[in-house]
Amino acid sequence: KEEGYLALYRSVSQEWVDQNIFNHMWTINYNDLKLRAALYDLGFGSYLIDAFACPDDKMDCADSFVITRASESDAGALFELIEESRLYYRATPIFLNREPYQIDDVKKLIGESNVFMAWDEAWDDKKAIGFINVSVSQENNNIDMSLENHGLLDEIGAYIQPGYRGGKGLGKQLLKKAFEYCRNSGVSRVHVDFETANPFANKFWRKYFDPMLLSVRRTINKNVNSIN
1 KEEGYLALYR SVSQEWVDQN IFNHMWTINY NDLKLRAALY DLGFGSYLID
51 AFACPDDKMD CADSFVITRA SESDAGALFE LIEESRLYYR ATPIFLNREP
101 YQIDDVKKLI GESNVFMAWD EAWDDKKAIG FINVSVSQEN NNIDMSLENH
151 GLLDEIGAYI QPGYRGGKGL GKQLLKKAFE YCRNSGVSRV HVDFETANPF
201 ANKFWRKYFD PMLLSVRRTI NKNVNSIN
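Heads up, the sequence shown is in my numbering, so the first residue is 1 and it goes up one at a time.
One thing to keep in mind: the hints can contain errors.
Computed list of lysine-lysine pairs in PhoX-like fashion (alpha-carbon distance at most 20 angstroms, straight line) [claimed, not checked]: (1) Lys58 with Lys168; (2) Lys168 with Lys203; (3) Lys172 with Lys58; (4) Lys34 with Lys1; (5) Lys172 with Lys203; (6) Lys58 with Lys34.
Simulated restraints, written as ranges between beta carbons of each label pair [what the hints assert, rightly or not]: (7) Asp41 with Asn97: 24 to 30 angstroms; (8) Arg69 with Asp41: 44 to 50 angstroms; (9) Gly166 with Asn225: 20 to 26 angstroms; (10) Gly45 with Glu15: 18 to 24 angstroms.
Hints were generated in silico from the structure; no laboratory data involved.
C-beta atoms are modelled at their ideal positions from N, C-alpha and C, and glycine is treated no differently.
Starting from the given sequences, assemble the full structure and let the hints guide the process.
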């Protein structure tokens, strides 16, 4: 099987490079270790994982923070957190550009989706410290294997401010709220995708989700077509 896939890549990769397409991506079964090793030897590196979980009610954690569903009055605070998360993704070690949001985009997101926000009420004026965004899919997706009526942790995903990460339980509390919403909506499976270069996401999501797909990426020398 590995030989067949590699023969296919040899063929299609030449077509891509001839068209000056130098960023190559391949999505495989996460548990296909032989194919993964063969692709790594070709110069591919781990990039993105699609994972699934059942939104069960076994996530026992202390409710140390206040979590509410975002309303339009929270748009300003959510906008600031989204911008923080964009800068986080753009920095080391992820180096991923995300499209900036405008305040009207945030208001639309709040109106059309489900964003749960975490607050630290120890501040005189309560402080927004994180969020998680969950929606319910309306159709089957052949790319990430999510199905109609699956929970999706998108479009802005999840984010926690640096001072509230690492052992404080906020990530688990946010996920518990998202799972609770999914159960109440009749959702039996929840999908998330995350970059493997994101150290916090890579560690956190694997605790509660089972990886199903692995996307690997290779960048070809961009000068290859200029060399005679």
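Hint check results:
With a CA separation close to 18 angstroms, the supplied pair Lys58 and Lys168 stays within the 20 angstroms bound. Of the pairs offered as hints, the one joining Lys168 and Lys203 holds, with about 15 angstroms between alpha carbons and a cut-off of 20 angstroms not exceeded. Of the pairs offered as hints, the one joining Lys172 and Lys58 holds, with about 11 angstroms between alpha carbons and a cut-off of 20 angstroms not exceeded. In summary, the hint linking Lys34 to Lys1 is supported, as the alpha carbons are separated by about 9 angstroms, within the 20 angstroms threshold.
Pair hint Lys172 plus Lys203 holds up; C-alpha atoms about 12 angstroms apart against a cutoff of 20 angstroms. Distance hint between Lys58 and Lys34 is unfulfilled; the C-alpha atoms sit about 34 angstroms from each other, more than 20 angstroms. Asp41 and Asn97 have their C-beta atoms about 29 angstroms apart, which keeps the hinted 24 to 30 angstroms range intact. At about 47 angstroms, the CB distance of Arg69 to Asp41 agrees with the hint of 44 to 50 angstroms.
Taken as a hint, the range 20 to 26 angstroms is violated for the pair Gly166 and Asn225, whose Cβ atoms sit roughly 46 angstroms apart. For the pair Gly45 and Glu15, the supplied restraint of 18 to 24 angstroms holds, since their beta-carbon distance comes to about 22 angstroms.
Checked against the numbered hints given earlier, this structure breaks hints 6, 9; the rest are met.
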